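2 protein chains.
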Amino acid sequence: MSAANIEIRAPYLMFLGDVHDQLAAKTATGVVHWRRDDCIGQVRFPDCKADLGLSDMSVAEGRQAGAATLVIGAVNPGGVLPDHWVAAIVESLESGMDVASGLHMRLAAQPQVAEAAQRTGRALFDVRHPTGNLPTGKGTKRPGKRLLTVGTDCSVGKMYTSLAIAAEMQARGWKADFRATGQTGIFIAGSGISVDAVVADFISGAAEVLGPANDPDHWDVMEGQGSLFHPSFAGVTMGLIHGSQPDALVLCHEPTRRKMRNVEHPIPAIDACIRGHVEAARLTNPDARCVGIAVNTSALPEAEAADCLKMIADQHGLPTVDPVRTGVAALVDALA
Amino acid sequence: MSAANIEIRAPYLMFLGDVHDQLAAKTATGVVHWRRDDCIGQVRFPDCKADLGLSDMSVAEGRQAGAATLVIGAVNPGGVLPDHWVAAIVESLESGMDVASGLHMRLAAQPQVAEAAQRTGRALFDVRHPTGNLPTGKGTKRPGKRLLTVGTDCSVGKMYTSLAIAAEMQARGWKADFRATGQTGIFIAGSGISVDAVVADFISGAAEVLGPANDPDHWDVMEGQGSLFHPSFAGVTMGLIHGSQPDALVLCHEPTRRKMRNVEHPIPAIDACIRGHVEAARLTNPDARCVGIAVNTSALPEAEAADCLKMIADQHGLPTVDPVRTGVAALVDALA
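These protein sequence lines are chains A and B, in that order.
Residues 1159 to 1494, numbered by the working numbering, are exactly what the first sequence covers, in order.
Residues 1159 to 1494, numbered by the working numbering, are exactly what the second sequence covers, in order.
In case anyone wonders, no lab produced these hints; they're calculated from the structure.
Predicted, not measured: the structure shown is a model, and the values here were computed from it.
There's no promise every hint is true.
Pairs involving identical chains hold if they fit within one copy or between any two copies, as the list cannot separate such chains.
[What the hints assert, rightly or not] With a Cα cut of at most 25 Å, we get these calculated SDA-like pairs of lysine to any residue:
hint, residue 1, residue 2
1, Lys1207, Asp1196
2, Lys1417, Ala1487
3, Lys1207, Gly1331
4, Lys1296, Arg1433
5, Lys1417, Glu1437
6, Lys1417, Ala1471
7, Lys1417, Asp1195
8, Lys1296, Trp1192
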């Protein structure tokens, strides 16, 4: 039994509580973007400063409308569960919903929540906390194809790019699954493993569990994390690369950033970054190659964005897209 | 407060219980090798098949002889604490000793042990389990020099080589500390962090805590783990490299091994292995270089061992030693 086997049931009722700004609801915003039809409504307290553009509902109204899971996709200072959120969670459990949380603090660490879950038999999901025993990675080649997004930094659009590629594959009738490795991705997929939260010895093992043996023509699109060139998180990236055994890598990049997130290191050069990630990937898949570049040009005006994509494509000789502005068809074409 | 701050007090009374063979006492054997003068005696039950070459003692006799800590340096199937070991542990706590364990199961997970520790105010150390909050790595250059052992595989002599180098530096009057990253090393040093057991996001942060800012002429000799070329554990190695910011790397190698430990991958070539580890290290220390090679030739007869060292030294143009057979003076010379 591993965290890859969790299954968060849709439809979702999105809980925002009384968060102080829209950024605190970033996770929920991502879930609504990708699972709009499965998000029945939002639960907001009077002081809430975030808005997902969903109908406001009470817990009871959400349940009545068919919600199966209350999703706590908002962050709170310190990652703890505030006392004044507890009643809504307990009510959700009592009404027959499961509860899924992206907070650092585990739901069951709150005694009333633990008691209510026990009493009602409903499930609690802490998507930041892997559950169950993971194996160590073995590096043995397994059937099925895998694509992994990597990056010149953290937070450059790896999740979005992965979701867009999986959606494009599915739209073409390919067998494809998005495989989530972070909290927002797990809410979107309904399952996954927060690989940055597993014990260090089991990073590649987690990726092997997450993208298991499959049909030879099936694609697992694995959500990347961090960067081999980020001094805080390269270990996570390395294990994810080895466990994913990617046939294809897509490099994600943000062209206006000068320093890597939360550290003083400069953004690595794209060619060095591609070379480093492909070399690491070849340890477990000698055929690994970079098939394209996904650029997050959201900070650039339209004309500059187009120039930027063209320049990067010319410099590196690879299909180069902005998943939001141009879509990812060119990346999927490169796999066909 | 972090696990780097734990301090296991010597002298040690070595507890073997009734382990079934000498291999199950491998950790204790390593501790006795490096801390012989601090190991007062061994506690063995009638069926014990391991022997550390120490005086057999009861817990009471060990305490009387001055032991400050009972060290459980034996492994048991499943890593659990057997019920029939509990009385000796409780007696140790009641007699005034701390207890340190290398088992997977935490000491305090055994209710009688937890109760006795609470009642007596004695400390329990689970060296496999990091305690306290670790920061994420920042990659900012800090003063002091660091040497890190890396390897062509797991279990090729990185701990032994690191200890030998630290001892050689100290014998020359250099300022130097061995920094332990695994359970045996932690027993030997009396402190350290099991880096393969930290949460994946904090690997490089753990290494930064373990080898903190120091005098410009002080050497931290960091115990390496795994290999960048091992598909199970390369993430741990990567984080350890970035957090250590090594000025000097020493590559450890076992020349008779054909496959990497517990997987089907071949042992990487020495030159590729040096290049890969040095490149990774340069992310946080652009001056990182490999200063030599430590070969574990224990599987070779004397004459072949000498040939092997000469061949490797000639091929790679680096000082090449067997820490056991030749000592590590040539490696430390290369740093002078």
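Of all the hints numbered above, which does this structure not satisfy? Sort the numbers upward. Result: hints 2, 3, 7, 8 break, sorted rising.
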